[in-house]
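Trainee: Here are the chains, one letter per residue:
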Amino acid sequence: MKSHEYQNQNNESALYGVNVLDLSEDIAGPFAARLLGDFGANVIKIERPKRGDPQRYKGPLFEQAREGEQSLLFQYLNWNKKSIVLDITDTSKTQVFRKLVEWSDIVVESFTPGELDTWGIGIDKLLEWNPKLVLVSISNFGQTGPYAKFKANDLILQAMSGMMQISGSVEREPLRQGLSQTYYCAGLNAAYAALAAYLAAERDGVGDHVDVSILECLSSELVYNQPFYTFMGAIQGRRAAVQDPFDGEPIKARNGYVSVQAGGGAPFHKFADLLNLPELADPKYATPKLRTTCSVDLHEMLSSRFSEIDPHQIFVEAAKNRLLMGVVQNANDLLACPHLEARDFYKNIHHPETGTFKFPAELAKLSKTRTRINFRAPMLNEHESEILNDLGL
Amino acid sequence: MNKIGTLPLKGVSVLDLSYVFAVPYIGALLADLGAEVIKIEAPNRLDLTRGMAFARYAENEPGSEPWNRSGVFNVLNRGKKSIALDLSTEEGRKIFFNLLNDTDILLENFTPRVMRKWNMQYEQLAKIKPSLIMLSNTGYGSGGPWSEFPSQGTTLEATMGLTQYTGYRDDKPWKAGQSYPDFLATWSGLLAILAALVYRKKTGVGQWIDLGMYQVGSGLVAEAILQYQLDGVDIERTGNEDPVNVPSNVYRAKGEDRWVAISVCSDDEWKTLTKLMHHPGLAEDFKYKNESSRRANRLQIDQIVSEWVQDKEPMELMMILQEHGIACGPVFNSRDLMVNEQLRHRKFYQMINHKFGIGARPIIGRPYRFKNRTIKISKPAPGFGEDTWQVLRDCLSIKESVIGSLFRHGIVSDHPTDPGDAQPWNISDNIKLKTLVEIDPGYKKNFPEVE
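Sequence lines, in order, name chains A and B.
According to the numbering used here, the first sequence is numbered sequentially starting from 1.
According to the numbering used here, the second sequence is numbered sequentially starting from 1.
Check the hints yourself; a few may be wrong.
[Stated by the list, open to error] Here are the simulated PhoX-like pairs of lysine-lysine, each with C-alpha atoms no more than 25 Å apart in a straight line: (1) A/K132 to B/K202; (2) A/K368 to B/K127; (3) B/K434 to B/K444; (4) B/K254 to B/K445; (5) A/K132 to B/K371; (6) B/K347 to B/K10; (7) B/K254 to A/K151; (8) A/K151 to B/K289; (9) A/K270 to A/K252; (10) B/K271 to A/K151; (11) A/K149 to B/K275; (12) B/K376 to B/K355; (13) A/K58 to B/K289; (14) B/K434 to A/K289; (15) B/K355 to B/K444; (16) A/K270 to A/K289; (17) A/K99 to B/K371; (18) B/K117 to B/K127; (19) B/K10 to B/K201; (20) A/K320 to B/K117; (21) A/K132 to B/K10; (22) B/K371 to A/K151; (23) A/K125 to A/K149; (24) A/K368 to B/K129; (25) A/K125 to B/K3; (26) B/K289 to B/K275; (27) A/K151 to B/K275; (28) A/K358 to A/K347; (29) B/K371 to A/K149; (30) B/K201 to B/K371; (31) B/K434 to B/K172; (32) A/K368 to B/K201; (33) B/K376 to A/K132; (34) B/K371 to B/K347; (35) B/K371 to B/K10; (36) A/K284 to B/K432; (37) B/K254 to B/K271; (38) B/K201 to A/K132; (39) A/K347 to A/K368.
Simulated from the structure, these hints should not be mistaken for laboratory data.
Whole structure, please, built from the sequences with the hints as guidance.
Mentor: What follows is the structure, encoded as structure tokens:
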């Protein structure tokens with residue numbers, strides 16, 4: 001099959017000519033495969049018969065569209081891919097699947113550990129068909145081990161990873177990160193690990209099985225916390241009931257929240273000028289330890305002042321004075337952000353079923369091989385005849 | 001037992017000028033993947049993970065060389081060599097440019113102003129080395145109205161949009177985790193670097209990677225950005241609740257501050273749970289029979305589950321529910337992770353021997369295993385400037401007498417000139433605040449075996 005049939009228009013793409021077969025579903029795997037597509041790889045997505053990727057039915061949903069083509073999140077996770085429906089659990093259909101595996105440099109999957117083996121298409125079989133292949137498997141806890149078949153979701157993974165132990169208030173239950181951070185983290189890790197294996201296979205002809213654990217992606221973040229234990233036996237807990245307000249925890253401002261952080265380039269007393277609170281210059285507020293002891297009063301002082309201030313305005317003002325501040329932004333703020341606009345962060349993508357929406361489009365900017373959205377997410381089985389044609393079937 | 005394939009980045013040379021969390025972690029992972037990584041440190045300015053803000057010392061004792069005894073530094077900089085080189089001097093930069101000749105990847109996170117002043121921007125370096133792949137990490141990226149703004153993990157987390165969607169129901173937004181934006185930058189950076197390497201293998205051409213942390217996070221709140229465009233509704237903060245599944249929450253279990261997460265994702269699972277709770281009548285109760293009725297009665301259900309969980313041993317509960325096909329797991333703390341049998345099976349923590357009185361410590365590895373390649377931590381993090389002599393002599397063939405002179409003039413160093421005042425961590429304050437749960441005196445017994 002001629003892989004150039006699927007090449008992206010522009011030759012200046014980092015992964016030009018790299019072929020990716022995406023068997024995965026939901027968020028992590030599809031995100032990883034899409035990222036490779038953004039860098040220019042040719043990505044074919046195999047979807048299960050009848051309904052395809054379950055993500056097609058998960059929100060946000062544009063309900064006026066046809067069922068299975070309503071999910072905007074599906075569109076976000078699956079642009080730069082072509083879709084073919086194939087029952088890979090059925091070995092009589094293996095011919096098409098085998099040809100696709102032979103075409104591939106990288107295969108991404110996220111089935112329960114062991115499923116590929118029960119279907120006769122585990123790593124040994126895939127490497128037999130294509131010895132240079134890189135199979136990337138994404139699972140909750142890894143392909144093997146006592147927890148390999150455990151059920152989990154975002155909440156359970158955050159709990160078991162160690163993340164929730166340090167998140168939220170000591171006075172309340174542990175707190176998870178909102179939305180689907182877990183799966184995006186796994187997707188990012190799987191994508192870069194896939195490329196590392198691909199680079200190696202290109203050089204020495206040895207394919208590989210990259211076995212990604214979603215849980216471990218989160219546990220990998222505990223670079224600061226785990227050493228408390230491993231270097232001195234200290235077990236960390238959640239955030240204190242009242243904290244130094246200059247340690248970043250959100251503070252209510254007029255119609256919003258801000259985050260203030262001491263320890264930046266400018267000296268602390270500059271906050272006194274910025275906020276027109278001369279008391280802040282008092283040495284009794286000079287260090288984190290001192291501020292923690294009077295954090296209740298400090299909090300009141302700051303809340304009262306911030307309630308009179310527009311969060312975005314003070315954020316820009318602080319930055320100009322080299323003071324560290326953040327502003328809690330929501331979707332509306334992000335969509336209207338002048339900086340994201342200037343960075344060309346969004347792309348309007350049209351889909352025949354849902355119309356046009358603005359999508360976050362670019363993670364990092366590369367000077368020679370910019371990431372690109374070459375085409376929208378596919379409709380279910382949209383490219384079956386193209387793909388079969390090119391396979392000579 | 002060594003596996004059949006070679007390391008992915010064998011033969012690749014990395015110069016790491018970066019400091020703190022995000023980019024040094026990139027350097028560490030590139031080293032794990034087989035690259036040779038040289039960290040350039042400033043003689044007169046310690047990386048914050050070596051001292052001051054983030055350093056926590058082995059046994060909480062700074063010792064005579066505290067900058068070499070910091071936990072987080074040793075995780076984020078494993079696998080690297082260190083030279084202490086004063087880039088603010090012309091002689092220092094001359095050495096840097098010489099090192100550049102043999103460098104494939106350059107990592108930095110200086111403020112752009114500094115790189116401009118030093119004539120070390122990509123355009124200039126690319127003239128010397130066209131195949132160079134250079135990654136520059138800043139808060140907001142180069143270009144755009146906010147590009148010169150200072151930034152740091154917590155404040156960025158808010159600005160990126162992540163904080164808005166994290167928090168207890170009816171409460172303010174909360175930060176979660178620790179420096180989460182830093183890791184998004186680490187992984188996005190690695191992805192971009194590896195893609196650039198693939199491109200370079202084919203074309204011989206390098207490039208610049210402009211990694212602005214702000215937009216990486218914004219890309220991961222896509223659901224909210226899309227929902228808002230659909231109907232003007234901003235997704236609300238609902239703590240640990242699930243929009244569809246009930247019960248799905250963390251529940252207090254037996255023991256001091258022990259919690260278990262449980263998620264019931266179908267009517268069948270609910271039936272199973274009610275049997276396990278010895279409440280079979282509940283399954284037939286129309287109030288809870290299907291997803292939507294359970295959502296309507298979330299509080300009552302959480303109350304029932306909570307009462308059942310409160311005297312249960314977390315690990316036993318996990319085993320029972322998992323055996324019955326229900327997603328369940330305890331909130332693990334750092335000790336739990338250290339002894340966890342799944343993480344042991346995966347060899348997620350690797351025992352590494354350290355000098356400076358630290359000894360053998362488990363260091364966080366990577367969240368993936370390669371069947372055919374032995375990816376692992378190759379050496380401990382370096383002492384401050386400990387490879388300065390060796391690198392100057394062996395990589396740059398500088399005569400020993402010249403090296404001696406460079407040391408005498410402070411262009412290079414093997415000792416920080418301004419280490420500041422290293423203090424032990426205030427344990428009692430943190431115990432009082434409950435941000436420290438306990439000190440485990442037998443913690444070393446929980447370490448995995450040295451391989």
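Trainee: Each hint needs a verdict: does it hold in this structure or not?
Mentor: Going through the hints against the structure:
1. A/K132 to B/K202: Between A/K132 and B/K202 the Cα gap is close to 18 Å, so the pair holds against 25 Å.
2. A/K368 to B/K127: holds, 15 Å
3. B/K434 to B/K444: The given pair, whose Cα atoms are some 23 Å apart, holds under the 25 Å limit.
4. B/K254 to B/K445: holds, 24 Å
5. A/K132 to B/K371: This hinted pair holds, its Cα atoms lying about 13 Å apart.
6. B/K347 to B/K10: Within the cut-off at roughly 22 Å; holds.
7. B/K254 to A/K151: At roughly 22 Å apart (the allowed maximum being 25 Å), A/K151 and B/K254 satisfy the hint.
8. A/K151 to B/K289: holds, 22 Å
9. A/K270 to A/K252: Within the cut-off at roughly 20 Å; holds.
10. B/K271 to A/K151: holds, 17 Å
11. A/K149 to B/K275: Given pair A/K149, B/K275 holds - Cα atoms ~22 Å apart, limit 25 Å.
12. B/K376 to B/K355: holds, 19 Å
13. A/K58 to B/K289: The hint holds at about 22 Å.
14. B/K434 to A/K289: Given that 25 Å is the threshold and the Cα spacing comes to 15 Å, the pair holds.
15. B/K355 to B/K444: holds, 17 Å
16. A/K270 to A/K289: holds, 19 Å
17. A/K99 to B/K371: Answer holds: A/K99 to B/K371 is near 23 Å, not above 25 Å.
18. B/K117 to B/K127: At roughly 17 Å apart (the allowed maximum being 25 Å), B/K127 and B/K117 satisfy the hint.
19. B/K10 to B/K201: This hinted pair holds, its Cα atoms lying about 14 Å apart.
20. A/K320 to B/K117: holds, 20 Å
21. A/K132 to B/K10: This hinted pair holds, its Cα atoms lying about 18 Å apart.
22. B/K371 to A/K151: holds, 24 Å
23. A/K125 to A/K149: Holds, at roughly 22 Å.
24. A/K368 to B/K129: holds, 15 Å
25. A/K125 to B/K3: holds, 19 Å
26. B/K289 to B/K275: OK: B/K289 and B/K275 at ~14 Å, within 25 Å.
27. A/K151 to B/K275: holds, 19 Å
28. A/K358 to A/K347: holds, 6 Å
29. B/K371 to A/K149: Holds. B/K371 to A/K149 sits at ~19 Å (cutoff 25 Å).
30. B/K201 to B/K371: holds, 24 Å
31. B/K434 to B/K172: holds, 21 Å
32. A/K368 to B/K201: holds, 14 Å
33. B/K376 to A/K132: holds, 22 Å
34. B/K371 to B/K347: holds, 13 Å
35. B/K371 to B/K10: holds, 17 Å
36. A/K284 to B/K432: Answer holds: A/K284 to B/K432 is near 21 Å, not above 25 Å.
37. B/K254 to B/K271: Satisfied, since the Cα-Cα distance of roughly 24 Å is no more than 25 Å.
38. B/K201 to A/K132: holds, 17 Å
39. A/K347 to A/K368: Holds, at roughly 19 Å.
Violation of the numbered hints given earlier is absent; every hint is satisfied by the structure.
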